[in-house]
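In case you want the letters, here they are:
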Amino acid sequence: MTLEIIGVSVLWLFLFLYVIVASIDFGAGFFNAYSAFTDKQHILTNIIQRYLSPVWEVTNVFFVFFFVGIIGFFPQTAFYYGTTLLVPASLALILLAIRGSYYAFATYGAKINHRGYIYMYGLSGLLLPASLSPVLAMSEGGFIKMNGDQPYLDYWALFTSPLMWSIVVLSITAVLYISAVFLTWYANKAGDAKATDLMRKYALVWAGPAIVTATGIIFELRGHNPEHYSRILDLWWVFAISFLLFIGTVYLIWKKKNYGLAFILLVGQFFTAFFAYGVSHYPYLLYPYLTIYDSFTNEAMAIALIVAFIAGLGLLLPSLYLLFRLFLFDKDYVKGKSDYHA
Amino acid sequence: MGFEDTALLSRILTTMTLSFHILYATIGVGVPLMILIAQWVGIKKKDDHYILLARRWARGFVITVAVGVVTGTAIGLQLSLLWPNFMQMAGNVIALPLFMEVFAFFFEAIFLGIYLYTWDRFEDQRKHLLLLIPVALGAAASSVFITMVNSFMNAPQGFDLVNGELVNISPLLAMLSPAVPTKVAHVMSTAFMTSAFVLASIAALRIVQGSTHVYHKKALLMTMKLGFVFSIATALIGDFSGKYLAEYQPEKLAAAEWHFETEDEARLILFGVLDGQEPKYAIEIPYALSILAYGVPSAEVTGLNEFPEDEIPPLWIHYLFDTMVSIGMWLAFFSFVYVVAAWRKWPIITKKWFRWLTVAAGPLALIAIEAGWWFTEVGRQPWILRGYMKTSEAATTSGQVDLMIILFAGLYFILGIGTIVVLSRMYKRNPVEKELAQRQKADKGGDPE
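Chains as they are written, first to last, in the numbering used here: chain A, 1 to 342; chain B, 343 to 791.
Because the hints were derived from the structure by calculation, they are not lab data. Note that CB positions come from ideal geometry on N, CA and C, so glycine has one too. Mixed in with the good hints there might be a few duds.
Claimed, not checked - Computed list of lysine-lysine pairs in BS3-like fashion (alpha-carbon distance at most 27 Å, straight line):
id, chain 1, residue 1, chain 2, residue 2
1, A, K335, A, K145
2, B, K776, B, K560
3, A, K335, A, K189
4, A, K335, B, K783
5, B, K469, A, K335
6, A, K145, A, K189
7, B, K388, B, K783
8, A, K40, A, K189
9, B, K469, A, K331
As the list claims (entries may be wrong) - Incomplete in silico selection of chain B near chain A, CB under 7 Å:
id, residue
10, V412
11, G418
12, L419
13, L423
14, G433
15, F447
16, A451
17, G455
18, P513
19, P705
20, T738
21, M746
22, N772
23, V774
Only chain A is shown next, with the shape it has when bound in the complex (with noise of 0.2 Å):
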């Protein structure tokens, strides 16, 4: 294995325990917003708060660290991508640094419960993921040009184009969907039996439209990007895996059956799909332009940050284990029976 894919790879990772983490926070919200509008916010807002409040500030860190991971493993990135992504990127930061700052004056400050504001953060998680996902639009090439030696964006093209529009309407189904899974669970966990039966109402409801817009990309490749295409082709066999992991989940939240499982068998499907998408994206990071090999940072550099990184993964899993088994694991709290809130 050389550095080159550990670097990718533990990119790819943090990527997807981002998109996980994420998509219940953004999630969250909608649904919060949404019970707010059909007066059932009462049965939710507890459940999601319990859950959130402790591990805001956490899901932000997946982000960072992605950028940051990127930028050191691949530093060309920052003069491609850099360049280009102003406008989307400031647009998403600015999304982000909203709906993080109201989370945080409305739950620990000032208790903000105007309507206005709960639609307005449900809002804006959905435009987060829908700003964000053009990225993964731009690495399959066509979008990015060069004016001489200068790289800008095609807003035309990127605007026009149905490959664009199916990632966004997958990032929010899949928003959608990873996060009713999440919150059925974690309802149920709390025992309590109104909040689960919403969520599950949900989680049924988006599981649909998440699949199907998925295969759709899958088939829109094939004629924006035949060279990826073919090599997803061959790679049938995972994601045919990823697919039956999803019956798993949809059958068992359809019964009413250990919620805990269905949300593993979750992260599961969209792991092998991640994971599959990624490796058949190889070696590009941005078609034409950059493969993960040109772009590489030096070697001295790239062992200076594995080190790194496991040095951080020693210091960063039992504290990650300690936050999980004192808030997601611990009965007292999920069921709200003590408020230990500062």
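Since chain A is already given, all that's left is putting chain B on it; use the hints.
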């Protein structure tokens, strides 16, 4: 739009983001230590007031952390968006501390979440105190690592540039540039000092507003003592920083001091305005610059005339330098007077005008933080990487920076107002008198403690 223009616009946006972020970042680094000390004092003295102090600070702290986190994310990404050429190079040479900073941040985020949601969960308050150590350590460590990146920009090393190619890269050497010791120490001590004075301001303000509760007096005395200790440390480290500049970045020191001719027995210029090469209305202290630079009155200090004109930083950084130093000196002096007066029970500290001076300490310290950062950043112009890459060569070629400036200005405005409104509402609705009364009632209501 021309290349120069995007460089200027990128500088404006970066300045705006960083200037906003460092207010929150400074508090983010310093306040966990203050909370830690308050809780420790509370446990040691068995005084509930200090524990409550820690708890109330922690509540307000979350709000500032939240804004610090989101603006920190913004500057992290903006570095690549606005300075892609620099980040490409930085990725090759200085990625290690950037990467480590994220781990420190991770560590802090995890334990802050745990700390905030485990009040009263442990029988033993000391266990809860332990959770705060990783928070304070993580906050301090992330400031250390990010300052290392900034130090590298001031004194790049750990690589060779051969025909435009980077060779012989040593990540550790790049991380430990000569600017690191003074910069890191200065950043830390000023963060602790500023946080102490900001918290002192709050306590003083409550007393000015008429609260007579002993809780505020305890808070004020403790934070002023801490402020005094850290302002002395800051002054000492500031002196080392001057000596560092004389050795490694003489053009920055010379521009700060309007020192044109290379000469020995150099004078130090305080305040004044510049007319050609002659400062007017300035206070001149003979030999002081030589002492600041090398510790001996006779030492020779390099002047600005030794440098090519297009490599000299703007001369107005003198005002920033003066602002930073004067505020630092004033706060050290003022906190010393306060602590002595409190110890000797002089009636002066109960005077209203003196209270107001105390209230001013926190905002003044924040102004000094801004002035100091502007001084150090503008002082290395025109370089983004001193001696290697000019700022104009590093900027993005994207034409939409002006629009982004407007958007982010709006964002920071909203966040700034939001912080003030939320924090003041939070404390006004739940003053300490009310919270103490509630706790007493809870204790009587059958709570075993």
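Here's how the hints hold up against the structure:
1. A:K335 with A:K145: violated, 53 Å
2. B:K776 with B:K560: holds, 17 Å
3. A:K335 with A:K189: Given pair A:K335, A:K189 holds - Cα atoms ~8 Å apart, limit 27 Å.
4. A:K335 with B:K783: holds, 26 Å
5. B:K469 with A:K335: Satisfied, since the Cα-Cα distance of roughly 23 Å is no more than 27 Å.
6. A:K145 with A:K189: violated, 50 Å
7. B:K388 with B:K783: holds, 19 Å
8. A:K40 with A:K189: Holds, at roughly 20 Å.
9. B:K469 with A:K331: Given that 27 Å is the threshold and the Cα spacing comes to 21 Å, the pair holds.
10. V412: holds, 4 Å
11. G418: holds, 6 Å
12. L419: Hint on B:L419: holds, closest Cβ of chain A at ~6 Å, below 7 Å.
13. L423: holds, 5 Å
14. G433: This interface hint holds because 3 Å falls under the 7 Å limit.
15. F447: Since the shortest Cβ distance to chain A is 6 Å, the answer is holds.
16. A451: With a closest approach of 4 Å, the B:A451 hint holds.
17. G455: Holds - the Cβ of B:G455 comes within 7 Å of chain A, reaching about 4 Å at its closest.
18. P513: OK, holds: B:P513 within 7 Å of chain A, min 4 Å.
19. P705: B:P705 check fails; min Cβ-Cβ to chain A is 21 Å, beyond 7 Å.
20. T738: holds, 5 Å
21. M746: holds, 5 Å
22. N772: Constraint on B:N772 not satisfied, violated at 11 Å.
23. V774: Status violated, d = 14 Å.
Checked against the numbered hints above, the structure violates hints 1, 6, 19, 22 and 23; every other hint is satisfied.
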